[in-house]
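Student: This is what each chain is made of:
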Amino acid sequence: MRDRILIIALSILFALIVTGLFYNQILRYSYYSKMSRNNSIRVLPIGGSRGTIYDRNEKPLVTSRLSFDAVISYQEIGDRRRLAELLSNVLGMTGEQIMNAFEKAGRRPFAGVIIAEDIPKDKALALEEASFDTSGLDIETKAKRNYIYKHFGCHIFGYLSEVTEAELDSLKDDGYRMHDMIGRSGLEKYYEGSLKGVDGGTQIEVDNRGHQTRVLGMKEPESGQDLYLTIDIRLQIVSDKLLGDHKGAVVVMDPRNGEILALSSHPTFDPNIFVEHNTSSQRMELLTDNKGRPMSNKAISSTYPPGSVFKIVTASAALEEKKITHNTRFFCSGVYKLGSAGFHCWKDSGHGAQNVVEGLMNSCNVFFYNIGRALGVDRLETFTKLFGYGKPTDIDLTDEVGGTAPGKDWKVAHKKGIWYEGETLNYAIGQGYLSVTPIQVLRMTAVMANNGNLVHPHVVKKIGSNELQNQKPKDLGLRDDTLREVRTGMFEAVNNDSGTAKRTKLSGTIVAGKTGTAQNPHGRTHAWFCGFAPFSDPKICVVVFLEHGGKGGVEPAAIARGIFEEAKNLGYI
Amino acid sequence: MMIDRRMYKDFDVMLATMALVIFILGLLTIWSSTQAKGLPFAQSYVLKQLMWFGVGMIFFIIVIKVSYHKFLDMAYIIYAVNVLLLVFVLIMGHARLGAQRWFSIAGFAFQPSEFMKISLILALSAYVGQKKGSMESLENLIVPTALLVIPFVLVLLQPDLGTALLLVPIFFAILLVGGAKLKYLTRMILLGIAFMPVFWHLLRGYQKQRLMVFINPNVDPLGAGYTIIQSKIAIGSGGLIGKGWLNGTQNQLNFIPERHTDFIFSVIGEEWGFLGAIVLVLLYLLIIYRAFDIGNLTSDRYGKCMATGIAVLLSLQVVINIGMTIGLMPVVGIPLPLVSYGGSSLLATIIAIGLLLNIGMRRSTF
Chain A
1 MRDRILIIAL
11 SILFALIVTG
21 LFYNQILRYS
31 YYSKMSRNNS
41 IRVLPIGGSR
51 GTIYDRNEKP
61 LVTSRLSFDA
71 VISYQEIGDR
81 RRLAELLSNV
91 LGMTGEQIMN
101 AFEKAGRRPF
111 AGVIIAEDIP
121 KDKALALEEA
131 SFDTSGLDIE
141 TKAKRNYIYK
151 HFGCHIFGYL
161 SEVTEAELDS
171 LKDDGYRMHD
181 MIGRSGLEKY
191 YEGSLKGVDG
201 GTQIEVDNRG
211 HQTRVLGMKE
221 PESGQDLYLT
231 IDIRLQIVSD
241 KLLGDHKGAV
251 VVMDPRNGEI
261 LALSSHPTFD
271 PNIFVEHNTS
281 SQRMELLTDN
291 KGRPMSNKAI
301 SSTYPPGSVF
311 KIVTASAALE
321 EKKITHNTRF
331 FCSGVYKLGS
341 AGFHCWKDSG
351 HGAQNVVEGL
361 MNSCNVFFYN
371 IGRALGVDRL
381 ETFTKLFGYG
391 KPTDIDLTDE
401 VGGTAPGKDW
411 KVAHKKGIWY
421 EGETLNYAIG
431 QGYLSVTPIQ
441 VLRMTAVMAN
451 NGNLVHPHVV
461 KKIGSNELQN
471 QKPKDLGLRD
481 DTLREVRTGM
491 FEAVNNDSGT
501 AKRTKLSGTI
511 VAGKTGTAQN
521 PHGRTHAWFC
531 GFAPFSDPKI
541 CVVVFLEHGG
551 KGGVEPAAIA
561 RGIFEEAKNL
571 GYI
Chain B
1001 MMIDRRMYKD
1011 FDVMLATMAL
1021 VIFILGLLTI
1031 WSSTQAKGLP
1041 FAQSYVLKQL
1051 MWFGVGMIFF
1061 IIVIKVSYHK
1071 FLDMAYIIYA
1081 VNVLLLVFVL
1091 IMGHARLGAQ
1101 RWFSIAGFAF
1111 QPSEFMKISL
1121 ILALSAYVGQ
1131 KKGSMESLEN
1141 LIVPTALLVI
1151 PFVLVLLQPD
1161 LGTALLLVPI
1171 FFAILLVGGA
1181 KLKYLTRMIL
1191 LGIAFMPVFW
1201 HLLRGYQKQR
1211 LMVFINPNVD
1221 PLGAGYTIIQ
1231 SKIAIGSGGL
1241 IGKGWLNGTQ
1251 NQLNFIPERH
1261 TDFIFSVIGE
1271 EWGFLGAIVL
1281 VLLYLLIIYR
1291 AFDIGNLTSD
1301 RYGKCMATGI
1311 AVLLSLQVVI
1321 NIGMTIGLMP
1331 VVGIPLPLVS
1341 YGGSSLLATI
1351 IAIGLLLNIG
1361 MRRSTF
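Top line first, the protein sequences correspond to chains A and B.
Residue numbering for the first sequence follows my numbering, beginning at 1 and increasing consecutively.
Residue numbering for the second sequence follows my numbering, beginning at 1001 and increasing consecutively.
Extracted from the complex, chain A is given alone in its bound form:
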């Protein structure tokens, strides 16, 4: 009989509901009926503006500007002729355009419908003034994202677009409404939660002419938080200009703390296109260009074989594992024999006897075949992973990928086969299954520049007034003599007249670096350069990657030189 308690309790609740329905539907019928007939409640949203993005010198990069839209509430149009005249005089709309606008507004007669988007301020003011005695017309103000430097730095910022109806289902609890903008890539997406403002608004009661009679409630909008970046927009512009029409990426970082000073990926896009109106054909073009892939950030979202820049890892591994010392020499005749197969050096006539510094300076493949074999695939795999390959660097940008740091187990799992000795040789010179992102190569370069520490690359320094805690660099435990030999090799590559990276040589500041020319199955070789300066106390490191860009020692080395020059002008080195 204990369920009697439950039955009584539930009966009371049901009685309450029925009473509530009776009260609302029968007793208060005429009140609600009138409310519904008049549709007298309006919500005027006031958008909370999105946070501003500043560079490291607090120069604004991405802001929100005011934009004005002309809105028609069809039901409230009084004098149609007069309104049409006004639209044609001020906005220069043709008769046909005005007819279309009225028709569009007529489809949702009770709601305001935007008929002209983003109109100039003076015209907006003129319409606003006229709207006092022309009912049915309103000017709505909203904040529109403005990427001041257009395509410069676009892959850092990313872009925005409207939330879709499907997304709204899961996003509405976070305060998103129809037509709200949401970050789709880059910082706009990664820091969406901080950047987004909180919408406010007023709820008003209007009379049958649509004029406000009473404010029912008001909620203040809140602005999103500002982001302060590690980027220097001056260096960013130079980096973008140097990259020019090449497909590829350039990234500049402070090796001491992982602060990214510039990050370029080409081809680029203008993020403004995604917030402006009447640009859908341009958007489609950007989003469907599968050849240039302008929307993809090639510095972090695509992987490539590293080629000879990877020799930095192979050399470090051989020195660490004591497979060689600074004066161990191998003879390069231009070819290395493994059984009946010949593995070639890039220089057919051979380099002669090479030690590790010369091997790096000349990028001699045969030297690295020898030490690669001495190391074996397992040790190569260990060091590849030690230098951060095979997983994302966790940079604070979206869509980063980790690439592949292969090994025996990896091959069994992904290629269903055993590891061959010849593959170890390819591994040692950065070819084969190995695939990396430019940002990973940059981080490896920084290890050489900062005495053996793996830093966490990042773009944002401060959110609002909160300084972000720097992730501590990871000490890889490399010995001093290992670092010294590899660094010397990189020094010689740039500063020796026969070095592969001699085009990077700068007067007044000593640069060290390594080039890479990576074969790939899709056509011309990929071209790499990575390096740092000043040699004695590195403050800047750079990676240049050109997709199908030919030889690393040619254009990438020259682009890097330009970056170091500008960094010097700006006082970084």
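These are computed hints drawn from the structure, not numbers from a lab.
Keep in mind it's a predicted model, so treat the numbers as computed, not measured.
Glycine included, every Cβ here is placed at the ideal spot set by N, Cα and C.
Possibly wrong hints are sitting among the right ones.
[Unchecked claim] Simulated coverage check for chain B against chain A, where a stretch passes if three residues somewhere in it have a Cβ under 8 Å from a Cβ of chain A: (1) 1116-1130; (2) 1271-1280; (3) 1283-1292.
[Stated by the list, open to error] One side only, chain A facing chain B, incomplete, derived with CB under 7 Å: (4) Ile17; (5) Leu21; (6) Asn24; (7) Tyr32; (8) Met35; (9) Pro267.
Please arrange chain B on chain A, whose structure you already have, making use of the hints.
Tutor: The following block gives chain B in isolation, referenced to the frame of chain A:
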């Protein structure tokens, strides 16, 4: 194991018919509330709901054919799997931007918290039934409490305040009919009330706001407050006989957000008036009456606990859902059983009804 003739005799045709009638009323209302979207039938919410109903029927047949004792035997496994799914959703939700209560299987959103209600009823009934007459001791309340707290916290973190809160009365109802001491139960309720401030702390900003809005709708005239005001206008303006199917102005003019899901009752109130609303409430009451009846007729302790749990679950969902559309309850996101658009809720309710019928059909077997 198999169904014999006597079982068919005890198949509660009335209960099944009432449920089907409510579901059809629901389809008509979903059609009305989504027609402003102008979707073709092939993409319509009605079709999706019908597809879910089809899936539901498969589950229904399974649930009817197998004795509910089999489900009780597996109750803890079902419970554990459901808890794992909740954890999974939680982890996935964290990986995304914000809240996520569902994951999708072949394009259908699947919401484990809806099924948790049933899993909890099963697990509690299995425990209480097995303890026979010894539920009076305090020790035997420990396991049931743990069974409640785990999903409660997980669902609350999702965050789905309404569903989490709904688990609590189910717990008390089953313990009550299961023979726990009233003294202990009242103390637990008091303890729960004492923990309210901690609980408040766990809520997200917008959840707090919704509760505040319940106390004073003008706190948030744009968010939850707006929905309540518009929903009340819709229902109130429906009057005695309503504005007619497809003719609700509040509905058709997009004034009410979520009107095909949580706020679907405002469309019923507007288009079918007080009479329509009362008919719907009566249909629910008949189902709930049958549920208690089945619980009383069965001589099986397990079955009684389950039937009571399901009766309380259905009652409270109806009361809370309708209550929130007329401002009598806070807006907590509880769907109207069999009516609101949404596959997981529909599926869970069909399973619950199947279990009820199952208990009814096997009431004299031991």
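Student: If a hint holds in the structure, say so; if it doesn't, say that too.
Tutor: Verification of the supplied hints:
no., hint, in the structure
1, 1116-1130, "violated (count 0)"
2, 1271-1280, "holds (count 4)"
3, 1283-1292, "holds (count 3)"
4, Ile17, "holds (5 Å)"
5, Leu21, "holds (5 Å)"
6, Asn24, "holds (4 Å)"
7, Tyr32, "holds (3 Å)"
8, Met35, "holds (5 Å)"
9, Pro267, "violated (28 Å)"
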